[in-house]
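As you go down the protein sequences, you meet chains A and R in turn. Heads up: the first sequence runs through residues 155 to 419, numbered per my numbering. Heads up: the second sequence runs through residues 543 to 935, numbered per my numbering.
Wrong hints could be hidden among the right ones.
What the hints assert, rightly or not - Just a few of them, taken from the derived set where beta-carbon distance is under 10 Å, the chain A residues facing chain R:
| # | residue |
| --- | --- |
| 1 | 161 |
| 2 | 256 |
| 3 | 257 |
| 4 | 311 |
| 5 | 315 |
| 6 | 327 |
| 7 | 330 |
| 8 | 337 |
| 9 | 342 |
| 10 | 389 |
| 11 | 400 |
| 12 | 418 |
What the hints assert, rightly or not - Straight-line distance between alpha carbons at most 27 Å, and here's what the computed BS3-like set of lysine-lysine pairs gives:
| # | chain 1 | residue 1 | chain 2 | residue 2 |
| --- | --- | --- | --- | --- |
| 13 | R | 864 | A | 346 |
| 14 | A | 156 | R | 864 |
| 15 | A | 180 | A | 156 |
If you are wondering where the hints come from, they were derived from the structure by calculation, not from laboratory data. Beta carbons: idealized from backbone N, C-alpha and C, even for Gly.
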Amino acid sequence: MKSAPFDYLAADDLADAGALLREGGKPVAGNQSLGPMLNLRLVRPGRLVDLSGLPELRRVEEREDCVRLGAAITHAEIEDGEAADPTGGWLRAAAAGIAYRAVRNRGTLGGSLAHADPAADWVIVMTGLCATALLAGPEGARRVPLEDFVTGPFATALGEGEILTAVEVPRPGRGARWGYWKFARQVGEFAKASAAVLVDREAGRLRCAVGALGRQPLLLDDPAGLIEGRVDPGEALRRALPERAVEDLALHVTALRRALEAATA
Amino acid sequence: MSTTEVRLTLNGREVAAAAEPRSHLADFLRDEHLLTGTHLGCEHGVCGACTLFVDGRPVRACLTLAVSCQDAEVRSVEGFDEDPLMARLREAFSRHHGLQCGYCTPGMLATAYDIVRRLPQADAARIRRELAGNLCRCTGYAGIVAAIEDVLAGDPPPAAVVPVERRRRPRPRTEKPAAEATRTSDSQPTAPADESLPDRAALADGVALERTLRLAAPPERVWAVLSDIPTVVSCIPGASLDAPPEDGRLTGRCVVAAGPMKASFRGRARVALDAAARRGSVLGRGRDGLSRSSLEGLLDFALHEESEAAARLELAMRYRLKGPLAQFGRPALVEEIADRLLAQVSDEIARRALAGPPAEGTGAAAAPQRALGGLGLLAHALRGLVKRILRRR
């Protein structure tokens with residue numbers, strides 16, 4: 155089906171993009187999540203503002219303790235190692251598992267996070283890696299930890315006219331381990347359940363995150379207990395989400411177990 | 543409606559044509575340049591039939607706006623006549639019966655070309671994984687996989703189409719900026735609601751959603767709120783009634799927004815109440831004309847006394863979502879939206895219950911019109927909720 159009519163403006167730079175968004179407009183980058191909604195006419199913006207060419211969003215900055223990946227970096231660029239991966243391959247592997255290659259060639263890291271589909275890969279992976287979202291808006295720039303950036307299904311901390319410019323991924327310390335596991339019925343589908351586990355003792359970062367819950371990723375409150383095997387994953391999830399039926403969490407418990415195995419075995 | 547002149551290199555030739563901003567690349571090729579080799583299957587990025595090359599990389603033409611391809615190098619299936627690697631693939635597809643009707647073939651060939659040049663070591667399992675984004679409905683995939691394996695094993699010629707460096711290109715703007723603000727369902731005429739209601743049995747295989755709400759208010763007061771349909775409706779963000787309910791039957795609408803999506807469901811419901819047992823049911827159906835999606839659902843509810851000042855409301859819903867919205871209506875997502883909504887609704891019901899008996903007719907008049915920050919699913923959930931709560935006679 156064809157999209158309803160809209161106008162399209164490609165922003166020249168960040169300041170230009172901010173001005174265009176303040177005039178009213180829906181930001182778009184790779185159009186891989188918004189596109190289907192446009193074509194199905196579930197979304198009818200008056201105007202699209204294309205951010206995919208903004209030089210500020212296409213930058214990759216390597217720093218001593220982190221890498222800043224511009225929001226308009228594509229999944230394929232991360233998969234292929236064209237964009238620096240501070241984790242030594244964890245980002246590349248996650249990128250390679252997103253949808254299909256033809257989608258990864260246009261879809262962007264920032265677009266995926268700002269769209270905030272609860273089952274999306276970057277939403278859970280970046281939360282698991284203790285990444286930080288860098289935002290620029292009318293009030294200036296600010297930093298938001300990923301766990302506070304996604305606030306619900308398709309909902310983020312982005313304010314009016316604010317743009318996600320980059321994602322800062324910390325460099326893991328020596329001996330750090332990582333586990334990411336997702337369950338999808340078919341290759342390329344959105345996950346039915348997912349989990350990410352980071353064991354980075356040198357940097358003091360231990361994290362167990364569960365995704366594809368229909369809400370923002372869940373950070374379990376005793377990652378050390380889970381990682382050291384003192385806490386049962388099923389028990390931890392049931393305690394964190396007491397209102398959910400046990401059978402609805404079964405896949406997520408499995409995802410968490412497998413991510414834990416990958417990060418500790 | 544404005545158009546933009548799109549200039550790009552198409553199969554090695556410079557072309558320029560006016561395109562509406564909403565035109566995707568497949569339509570631009572097919573309609574403006576009569577290159578009908580690019581096929582459209584699902585037109586929302588799932589089937590892969592429209593896969594072609596932009597700047598040397600395979601992309602979904604249906605999810606690529608023509609205006610975003612200014613100065614790009616586009617190569618469709620018609621542009622590979624002289625390409626030795628594609629010639630090899632074509633022969634192999636023929637030899638291995640890798641096509642029957644041919645509808646998926648242009649996209650299959652594009653993906654196959656990318657597999658051969660990018661993953662020279664790919665085995666059958668990897669080929670299948672890479673092909674997951676291209677659907678074939680007739681021959682099955684065995685012949686296609688065999689054809690690609692065959693080409694990979696036979697010392698394939700180097701690919702002539704290679705990714706070009708991603709460059710920053712100035713992109714002209716559309717002629718005039720949009721004067722119009724974002725349109726929502728509200729500004730559009732909606733299709734008349736279906737006259738009929740679904741029946742209970744037909745919903746037996748719908749998605750089930752069960753919840754328990756605890757309300758900090760005396761049960762009899764909560765029941766007084768629950769048995770006043772206009773008041774209940776006014777407790778639901780985005781919901782409103784067309785007219786006062788008659789004999790438990792009501793018509794109305796509910797606006798729900800989820801991320802960039804917004805839906806306005808119009809429909810009808812029937813509420814049945816059993817005051818003695820403090821239970822009831824709502825059966826309803828609604829339709830969002832713009833997204834051509836429908837929601838039907840059944841809600842059973844029962845109010846229990848926890849103490850003199852606290853009540854427990856048990857909700858059991860079955861719903862079915864149909865149409866384009868169902869593409870995004872994963873049950874976990876619907877539940878989350880429903881929960882966020884239910885929290886607001888139960889707080890509001892408790893507040894009204896504590897405030898005392900509702901004044902006559904306040905509900906319908908006070909019904910909030912703002913859209914909910916939820917999902918399309920929420921809409922469904924909402925409707926279901928409304929129905930449940932409203933269900934009384």
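Outcome of the hint check:
1. Hint on residue 161 of chain A holds. Least Cβ distance to chain R is approximately 4 Å, under the 10 Å limit.
2. For the restraint placing residue 256 of chain A at the interface with chain R, the shortest Cβ-Cβ distance is roughly 5 Å, inside the 10 Å limit, so the hint holds.
3. Hint status for residue 257 of chain A relative to chain R: holds, with the closest Cβ pair at about 6 Å, below 10 Å.
4. Interface restraint check: residue 311 of chain A against chain R, minimum CB-CB distance 13 Å, threshold 10 Å, status violated.
5. A least Cβ separation of about 14 Å between residue 315 of chain A and chain R goes past the 10 Å threshold, and the interface hint is therefore violated.
6. A hinted interface residue such as residue 327 of chain A counts as satisfied when its beta carbon comes closer than 10 Å to some beta carbon of chain R; here the least separation is about 32 Å, so the hint is violated.
7. The restraint placing residue 330 of chain A at the interface with chain R is violated, with a minimum CB-CB distance near 28 Å, outside the 10 Å limit.
8. Residue-level restraint check for residue 337 of chain A is violated (minimum Cβ-Cβ distance to chain R is 12 Å; threshold 10 Å).
9. At its closest, the beta carbon of residue 342 of chain A sits 5 Å from a beta carbon of chain R; the interface hint therefore holds under the 10 Å criterion.
10. A distance limit of 10 Å between C-beta atoms decides the matter here; for residue 389 of chain A the minimum to chain R is near 21 Å, and the interface restraint is violated.
11. Taking 10 Å as the C-beta cut-off, the interface hint given for residue 400 of chain A is violated, the closest approach to chain R being about 13 Å.
12. Using the Cβ-Cβ criterion of 10 Å, the hint placing residue 418 of chain A at the interface with chain R is not satisfied: the shortest such distance is roughly 27 Å.
13. Pair hint residue 864 of chain R plus residue 346 of chain A holds up; C-alpha atoms about 20 Å apart against a cutoff of 27 Å.
14. In summary, the hint linking residue 156 of chain A to residue 864 of chain R is supported, as the alpha carbons are separated by about 19 Å, within the 27 Å threshold.
15. Distance hint between residue 180 of chain A and residue 156 of chain A is fulfilled; the C-alpha atoms sit about 18 Å from each other, no more than 27 Å.
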